[in-house]
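Chains U and E, in that order, give the protein sequences. Basically this note's numbering = 1-based index in the first sequence + 252. Basically this note's numbering = 1-based index in the second sequence + 9.
Just so you know, the hints here were simulated from the structure itself, not pulled from any lab data. For clarity, every value in this text was computed on a predicted model and none was experimentally measured. Mixed in with the good hints there might be a few duds.
Stated by the list, open to error - Computed from the model, here is a short list of chain E residues facing chain U with C-beta under 8 Å:
#, residue
1, Leu32
2, Ala72
3, Pro94
4, Asn95
5, Leu98
6, Thr111
No residue lacks a Cβ here, since even glycine has one placed at the ideal position from N, Cα and C.
Chain residues, written in single-letter form:
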Amino acid sequence: MPPSRRFAILAERDINKETFVEPWPEAGLIVADSPYDPQPSLRLEAGRVVEMDGKARPDFDSLDTFIADHALDLAVAEEAMATPALQIARMLADINVPQAVVRRLACGCTPAKLVEIIRHMNVLEMMGGLGKMRVRRTPANQAHVTNWKEHPALLAADAAEAALRGFAEVETTVRVARNAPFNALAILVGTQTGRGGVLTQCAVEEALGLRLAMKGLTTYAETLSVYGTERAFTDGDDTPWSKAFLAAAYASRGVKVRFTSGTGSEALMGHAERCSMLYLEARCLLVTKGAGSQGVQNGSISCIALPESLPGGVRAVLAENLLASMLGLECASGNDALASHSTMRKSAKLMLQFIPGTDFICSGYSAVPKRDNLFGGGNFDAEDLDDWNVLQRDMQVDGGVLPATEDAVLAIRRRAAEAIQAVYDELGFPAISDAEIEAATSAHSSDDMAPRDAVADLAAADRFLASDQGMLVVADALRRRGFEDVAANVLEMGRQRLAGDYLQPAAIFDLTPLPPSPETTPRSQERGEGQGGRVRFHVRSAINDANDYAGPGTGYRLEGERWAKLQAIRQARSPRDFIAPNVGPASPKLVEIGAARPSTRPEVIVAVGPGFNGALTRTIGGLEHEEVLAAILSGVAEEGLTARVVKVYRSSDLAAIGYAGAEVSGSGIAIGLQSRGTTVIHKRGLARLNNLELFPQSPSLTLETYRAIGRNAARYAKGIPPVPVGVKIDNWARLRLIVKTALLHRRETDEIADKPPQELWFDWEPED
Amino acid sequence: MQKAEGGRRNERYPLMEGATDELKAASGRSVGEISLEALTADELTDDDLRITPEALRAQAEIAQGADFPQLAANLRRAAELTAVPNAELLRMYETLRPGRATYEQMVALADRLVSEFEAHEAAAFVREAAEVYRARGLAKP
């Protein structure tokens, strides 16, 4: 057999660049329910776990011990384990069962029990559960800001833009580890220029990360990775105790901490121990909980392509987000690393977190182009920002990203670049030139930036890290150089550390800027700074913004001012001026001469709509009504007949217009013509909605087509076979022009009047 | 509808708004005095941006009251660790990473947490780790 053309085309599709494999439990290549996964069990003796998930305490590995001794709420564990998993699954899906009731039981479940609950749930039920179990009432989003050249002005500009666009957290990382203090500094200054209160972090090796936080260059830490088996954990150079100690160390400096886990990492590291990805993730989450981390980023993260290669992979990723939320962990729900070549598959997967809402929809939306993303891609990047904004507007869903205008973005980028230039200058770092400011302001990627002296930058970064300079000297440098508002924001980030309010679960600083203070100058408002020099960040967390979803009418609703902001994408136009190009001076050659009378002549009637050559004067395709009419009449004349023009007032509906024309036509044949150009050939005696020929694609109709329509109508009138009229088919026309179509029709409908069809005198003669 | 438990709102939270008068930096300076004006007057030092054990204990209580007991325990350990200097804290973390320290060295660390820093909860945590590490081969032989 010859090969299928269709399969050849399918093979070229983006989806077929992906890898798909069948499950192989022995290699850990199974997303859920490995035959080797332990069965749920729990036995307590004297208030101590002596058996968990089929394993007796003497056989516990370090993770088992940690989970048994720190994660499980033993006060409810026996009740939770005795409650059928199906019942807990139904509680998750039931809007009448509050979040706290489900969470209480979940906190007493062993890893195997948590997985057993998921076994009963489909994706839709899990999405509903996620919307209810999400920790923070208000959803938010996190951005990645990095670039290949690690250019400080570009980092600051991109961070400022991300802040302006509403991201609540911004994460950077390094290509060269020694750049860490400078990259952290650039996004600190950039974000606090864009919007005060944006939390920042720099993903680097654990000990270095802690040093950056101690210097005040970062305000949270996220990449505290945990794994579901002891061997993978050890390969990650930590234990649950060292990770928990690190979490306490961060907190002791007033720094927010979020752990990182996710399906697939153990299989990738060769230490899955034949268990399913979801079971191992449940262990990770309990370790995270036990360590006292307020939250986790999961959803497979950098391993996403591995579960996605397997059946049920995307479902399992949703399940892990749900498990985190059930346990009361803030969840930054993946959607960060490149997950697919197919935009359809990427968007579909995103919906599982986007629609329910999570604490951070992306644990890193790439606010820079993919090629500048040092985290492994950027599943959604700077080039998808408009798409993201439209999705929010389409679904009335808050995905944590605000629309922004080009002017506001350019202004904030320039100011951030100038701010980091000032800091570099004040602290004696290698200078950032005015040309670099210009480049960073308008740049899309690091391709737009000239390279810097990497040796000098790295040497200065080393000195900065080794020095005792930190947040205070940065704020002071900004203040001295006239960036009081940015200095105030940086200082406020430091001052917030003293309260530790943002150490509570799912904490962010308010997404909504405070109303401008009296000190806000018009100039600072123009620059897009809402807060002037005086700032007060408002924290939102599980304590004061707990998710209270309990079905329709409850929980977070995108409405009011926030919804107005998310609707106002820069592409949205006022519909009121849409039809202006279709309204011009009416042709004086057409004159109404009284009610149209029936005739018996062999003629064609051209019946036009009530707005014709009046309220409207051009078709949707931009043709003058007069020229359209002339073309039709020329076609009729070619066949040796004449035509009368009749204006129908009682309807704007095409079939009704044509029908009314046919009623008075001597031959019984009429051409119905709406003012937007849509045309029908009608015949007396046919049902109103029937017709001889319909030309619905008005934008594609040319004067030549109208002439052919005239010819055909005349041929019908003469009783000879019509000639097919060639019309270009453009299936995109409807998509492009539907708003205009609706508004043109509305305008014509406004002209409807209660009077019989009127004959129009058309001052026109056929060309020879 | 079943009765919701937990998630109780705390009137003092956020402490930055509900307990501003009591909040101090590690330096003893009140949070209200940490301002751009103070920065301009060159009055601020790094200790003015360091959280106090009292603030962390207050947050631990808030977390406990909202049914986040593990987070509360972490914040209590954090309160103890405020006393540990930066470099020392980094070394302690390093000691706890797998294969870095012998059982005896870990126990010694726990002892020092108590004797030098009165960090009883953190010390108990390190002691517990020492036992598990020894049993699971995660301590340096």
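Here is how each hint holds up against the structure:
1. Leu32: With Cβ-Cβ at 6 Å, under 8 Å, it holds.
2. Ala72: holds (6 Å)
3. Pro94: Since chain U brings no Cβ nearer than about 10 Å to Pro94 of chain E, farther than 8 Å, the hint is violated.
4. Asn95: holds (5 Å)
5. Leu98: holds (5 Å)
6. Thr111: Violated - the Cβ of Thr111 of chain E stays beyond 8 Å from chain U, reaching only about 15 Å at its closest.
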